[in-house]
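Trainee: Turn these sequences into a full structure, and let the hints guide you.
If you want the building blocks of each chain, they are given just below.
Number of protein chains: 4
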Amino acid sequence: MALVVQKFGGTSVADPERMRAVADHVARTKRRGTDVVVVISAMGKETDDLIRIAHDVSSTRPGREMDMLVTAGERKAMALLSMALHDLGVEADSFTGSQAGFITDTTHTNAKIVDVRADRIRAAVDAGRVPVVGGAQGVSTDHDVTFLGRGGSDTTAVAIAHALGADICELYTDVSGVFTSDPRVVLNARKMERISFDELLEMTATGCPKPAMRSVEYARNHGVRLHVRSAFTWEPGTLVIPAPDSEEPDMEQAIISAVTHDTDESKITLAGVADRPGIAAHLFRALADQDINVDMIVQNTSLEGHTDISFTAPKDETDKAVVTCESLVEELNATGVTADRDIARVSVVGAGMKSHPGVAATVFETLAANSINIEMISTSAIRISCVVREDQVEQAVQVLHDAFKLGAGPALVD
Amino acid sequence: MALVVQKFGGTSVADPERMRAVADHVARTKRRGTDVVVVISAMGKETDDLIRIAHDVSSTRPGREMDMLVTAGERKAMALLSMALHDLGVEADSFTGSQAGFITDTTHTNAKIVDVRADRIRAAVDAGRVPVVGGAQGVSTDHDVTFLGRGGSDTTAVAIAHALGADICELYTDVSGVFTSDPRVVLNARKMERISFDELLEMTATGCPKPAMRSVEYARNHGVRLHVRSAFTWEPGTLVIPAPDSEEPDMEQAIISAVTHDTDESKITLAGVADRPGIAAHLFRALADQDINVDMIVQNTSLEGHTDISFTAPKDETDKAVVTCESLVEELNATGVTADRDIARVSVVGAGMKSHPGVAATVFETLAANSINIEMISTSAIRISCVVREDQVEQAVQVLHDAFKLGAGPALVD
Amino acid sequence: MALVVQKFGGTSVADPERMRAVADHVARTKRRGTDVVVVISAMGKETDDLIRIAHDVSSTRPGREMDMLVTAGERKAMALLSMALHDLGVEADSFTGSQAGFITDTTHTNAKIVDVRADRIRAAVDAGRVPVVGGAQGVSTDHDVTFLGRGGSDTTAVAIAHALGADICELYTDVSGVFTSDPRVVLNARKMERISFDELLEMTATGCPKPAMRSVEYARNHGVRLHVRSAFTWEPGTLVIPAPDSEEPDMEQAIISAVTHDTDESKITLAGVADRPGIAAHLFRALADQDINVDMIVQNTSLEGHTDISFTAPKDETDKAVVTCESLVEELNATGVTADRDIARVSVVGAGMKSHPGVAATVFETLAANSINIEMISTSAIRISCVVREDQVEQAVQVLHDAFKLGAGPALVD
Amino acid sequence: MALVVQKFGGTSVADPERMRAVADHVARTKRRGTDVVVVISAMGKETDDLIRIAHDVSSTRPGREMDMLVTAGERKAMALLSMALHDLGVEADSFTGSQAGFITDTTHTNAKIVDVRADRIRAAVDAGRVPVVGGAQGVSTDHDVTFLGRGGSDTTAVAIAHALGADICELYTDVSGVFTSDPRVVLNARKMERISFDELLEMTATGCPKPAMRSVEYARNHGVRLHVRSAFTWEPGTLVIPAPDSEEPDMEQAIISAVTHDTDESKITLAGVADRPGIAAHLFRALADQDINVDMIVQNTSLEGHTDISFTAPKDETDKAVVTCESLVEELNATGVTADRDIARVSVVGAGMKSHPGVAATVFETLAANSINIEMISTSAIRISCVVREDQVEQAVQVLHDAFKLGAGPALVD
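Protein chains in written order, with the numbering used here: chain A, 1 to 414; chain B, 1 to 414; chain C, 1 to 414; chain D, 1 to 414.
Simulated from the structure, these hints should not be mistaken for lab results.
Accuracy of the hints is not assured; some may be wrong.
Claimed, not checked - Short derived list, chain B residues pointing at chain A, Cβ under 7 Å:
(1) D15
(2) D174
(3) E235
(4) K315
(5) T318
Where is the CB? At the ideal position from N, CA and C, for every residue including glycine.
Mentor: Here you go:
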């Protein structure tokens, strides 16, 4: 008998009506002869609300108490969904992270899973029951309640799917799948039927908001097939699966799958740095020590023994990054530090570009033909990212989406 | 310059994050050169919450106070969206129903629009501003605040679109459009690009939940084009437009557009009624006097001067209907009253059936081939409805959806 | 070192500001050199809200899931208060009912405490820490989470106070103590400095709303001194203590402590019953089997072998009681059943009446002098209750309060 | 017939149960033959919640939209209370600030009342009805909805009481009156039966939290008698009335009414300032220009032409005050600026001190006898304030409360 893990996010279970709709879907799946394990997040924005009230109440917020507090959200949701399933004649039991066998390290508020002892869940499934597991929670090796952090329910779902050898892990959310681009920017963006783990990871890293990157990595590493889909329309969404074997020619393999963008970063440039070994290592160690998330890095070729190093970092870490760089100016013989907040990144992602060397050229030509200047370039095996002016990035997304013919025919009047 | 009315329902603006996402979309539309008038519902389930708290506080609930209470929800939402638009550099102003010129009758909690004096809204649009109108509200001819009832924001949107001569009225919700069938039941149900007013009205009347029927009727009667679409994925949805002129042959006109179903009705039968004029009139007047919503009606041919009359009514009105019928048994010389709650209705809807006389035969043959017995039949020009056993209705929907090839290719693994 | 248990009810911790105010009070108590164990209820009306959402979601509501759901409220509150205490430099730890050692039976949603193994709490206190215990919860002998029912936090507080041998158990609420009568009815009602367990139990049984009767019984049975006081004004409230030894003359012992009333009952009369042994037993067994909470019972003296039996029961159980009585009319040779919903009960309570035989006479004379007819009378050692017309009960309360001089001087203008 | 204005704050009407309790009290007052006008705040913390969600949604928050948003809270509350009153047979009508005749200036979010045209309210009262007025709101001379700011409902109540010539204005809250000191600090603090406007203003200015100072000033200026009392216990609270005529000897006039304290201020000292005319004016003009709320000011006598100027300001304005002072150091020939955050103020307030010159001496002696050093002194006709070390202020409050015998006998065990 097939086994599916169905994970429902907060908006999917935001109110009693939605809770019953989710129970109805789970019951249908079960009636169709598929075993189901449910993973559930806190209702609506409850996790946000709990964190906020903690901030209102306390400025110290010990981790042990935070995790006791925040995990109450999933406890409520899992108990309620179990009740709703009982109403539909489905034998269901709620399980906390601890009861479900999630053993974590002791890093409160952002714990890591160290083991999944899924015996109770497996026994419930074998008995024909539907376990409803509270997402994003576990018990630490110190026997305290722990929370896996924001987006942790996705990880719970993938981990339990792996532990049980489930056929697929369905991640239900409020969008109907993964799109070729942001439909707000590109009116003819198209939902993809399938995408590879690697492509989705590149997309998530460059602006596509869902699902949580950590869970996709977990799924890729353990070969857990994902299905990203909507709990509002219930239509089929996007399958996330291993890339097709490159040996086997797939005529329908698109060269480019998606165009993403990100406007949350700034560009910082350290100019006139002495071009000698260890300079970059020194700089980026200093930035890492300040918990600054550096993304793209570009170093120009040396000109008379000096060079410029540019990198991007989140906009809200820009000030900290500038201060860190300035503290190194003297030591690195640099001539100055500048920050530019008005940049954005556009990326094309596609596993097919590995075997199509002309993709980069097409990207650059397309941007040039539209008078969009490229300020930085970074590539991986399946992604090309360009930094452009922020006020040109939506145009850049649109023209690249058109250039690679990702659209689904003419869009409706907007 | 084009003018669009954009209406956002409760789930679209359920929290601050969603409120900002909506503002972003409005701002993008405005930046693309289209004038926008926004109509907004109360946030999330606030209208439900307000009605519930009124029930908790009071058993009398005078209408004037209820409308003062309930309309507070839209006031909050419209003020917040106006603020969010200001943040994006869009000049916006909130307008209550009264300020927007909605004059209604004095039927508190379910008022009818009697006039829309849209001068202030038009002036704001002409001045390059975005008016944000509180949905479902107006001012009565007695100068009291009134509420248009549940789903009234759709009506507000259509009415203001008509009053302003807008090019289109976009109804944003949490689903991505109108589907050929319920995707929970039919895994390969497909979102339609367009549908006619008449078809949507038949669908809404037979199980398709959105949008509010009253607003679709208003739109049809005044020729206001609708676009039903998602505020979560922002992808194009379903256009609702007048039916194509039948003179003009449209090769792509589907014979059948959708298969809907409804499990909320019962069948009541009054057996052995004397077959003489006025009997049916007498019966259904009595039911109407009890506020029973009779839907389908079937009367068998007379057998020796007696006949059976069957009708369907909402499940929660069944008891009342039975009592009413029983009170007439003697007077109508009937032999008894029976009620059957385990029935359901399946309907096929399609403007194309007018010119394709074989549709009914296909429906009956398909159900018969699948051993699904038909208990009642009812038809309109563009709809065929059959009452079947409730536990067979989902199968009926699936086989009819297959028979008319409404699906979009193979569904993904569920 | 003194040890106090401080219990805070829902309104006391309804929002972050109140949560910090409570933490401030706990910290002050600790700084004054008293050890503190805190018991905390869910914030505000959260328990009500959780039960309501369960009703919205499900009609079956299995007990195991209900208790998992409802106890989430106290988990949140206890974590938040622990955080707030940390902010004030007080080392605090939250404890679930299970962690605090509350072992209960398996009666979900209304479990009974079978053991309190308070070792962890005692160890925390000995280490100079403040344990913050989630109220109204435990773990069943089947290892499931259990809920003690509404008002269960009071019981948790008294039980932990008993288990630890605390000097006093303070019950903080939104009223400032126990009053001589309902201040809404008697404008010069006065807060009492102290009252005996027995008196408070009689008061609670006859209309005084707080604290939960079950916890007062627990306190009386185990000799736990209570202090009912306000978490809003923080002024001293009312001590609940054992009655003074009757041997020892206490000059200040008031004859009457309080006048209470109750308008939630009806009077049911079974008339003309045969006056033979076992009749009453038969009747009240039948009522008990229907879970009808009979309160006062009066049987008239027999007249020619027949008598009337009258009793009071909650208004919302009246219909059920009448049906039960009617089913016995034939068997008991009764002549009929009548119900009267327009009655109310007024009670005077006071330990001093044991040694002052004239109290009853004063009660009857006072009511008579004010033309208030008495329909039923019932007495205990320290209480006299009279059933009167409902529209006279507030006057009855006032004149009795005056007759026994319970007021505190002239009331302010109202 | 007497007329009373009853104002209910947020915690008084925080949930449906409380709303019905308030309606019950209003109905009782009306039944006792007193006409009532109700003024009501938003339920619980709703105003805070609305302001917070506005911050979540927008960083610009135009005043017109903020006032539209925030006043929705009182609309809900007033409609609900009107419904609850109808249930009790009391004819009630809700009125917005605009409908009630509150004309304000155009200062959004903190509007000032410019006129109260109470004709509709008076007509409703004359018709035997109970008007329920939304607090803290009005309509501006520009016809926009305005909000009077936090605590504005108190002002609404006092203003409508003045406009109608009401006999008294009752301010219901969650505390039972005005106390001789903070009961959290002084265990035997005592609720006062009455206090004069001037004393309450001094108390409010020096740490007593309620009611809003602006409304007390309005009441004093217009001779509106106030009654500060509890909507939880309903017991009589504290009357706020004009001071007794000093000609008429009042034997019971206490010399000192209350001891208050405040820990929210810092002391800033500008040292070695040249002692010449205009220096202080220059300094405090500069501070005023920065919106710094200076409270106490002390200037030492000159020593060789130089002096120190010390003042207190709110702790969270300390940094700004220091920067402002530092910018003046050179110009004023000062020798430096120091800030001390670890100070607090203790104040004794009492109209009787005017005729008892020894009060100040008693204050100083009492503090000295307890080794509490006084760092600054400031007096008004009816108040003496001393700045002391923050960690000694609670002791200072206690010993002064004892010295003036303000307590009500021995406190209960805490």
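Trainee: Hey, does the B:T318 contact hint survive, CB to chain A under 7 Å?
Mentor: violated, 21 Å
Trainee: Given a cut of 7 Å on the nearest C-beta pair, is the interface hint for B:E235 held or broken against chain A?
Mentor: holds, 5 Å
Trainee: Hint B:K315 vs chain A: min CB-CB distance below 7 Å?
Mentor: Since chain A brings no Cβ nearer than about 16 Å to B:K315, farther than 7 Å, the hint is violated.
Trainee: Quick check on B:D174 please, does its C-beta sit within 7 Å of some C-beta on chain A?
Mentor: holds, 5 Å
Trainee: With chain A as the partner, please determine if B:D15 meets the hint condition of a C-beta pair closer than 7 Å.
Mentor: holds, 5 Å
Of the numbered hints stated above, those contradicted by the structure are hints 4 and 5, listed in ascending order.
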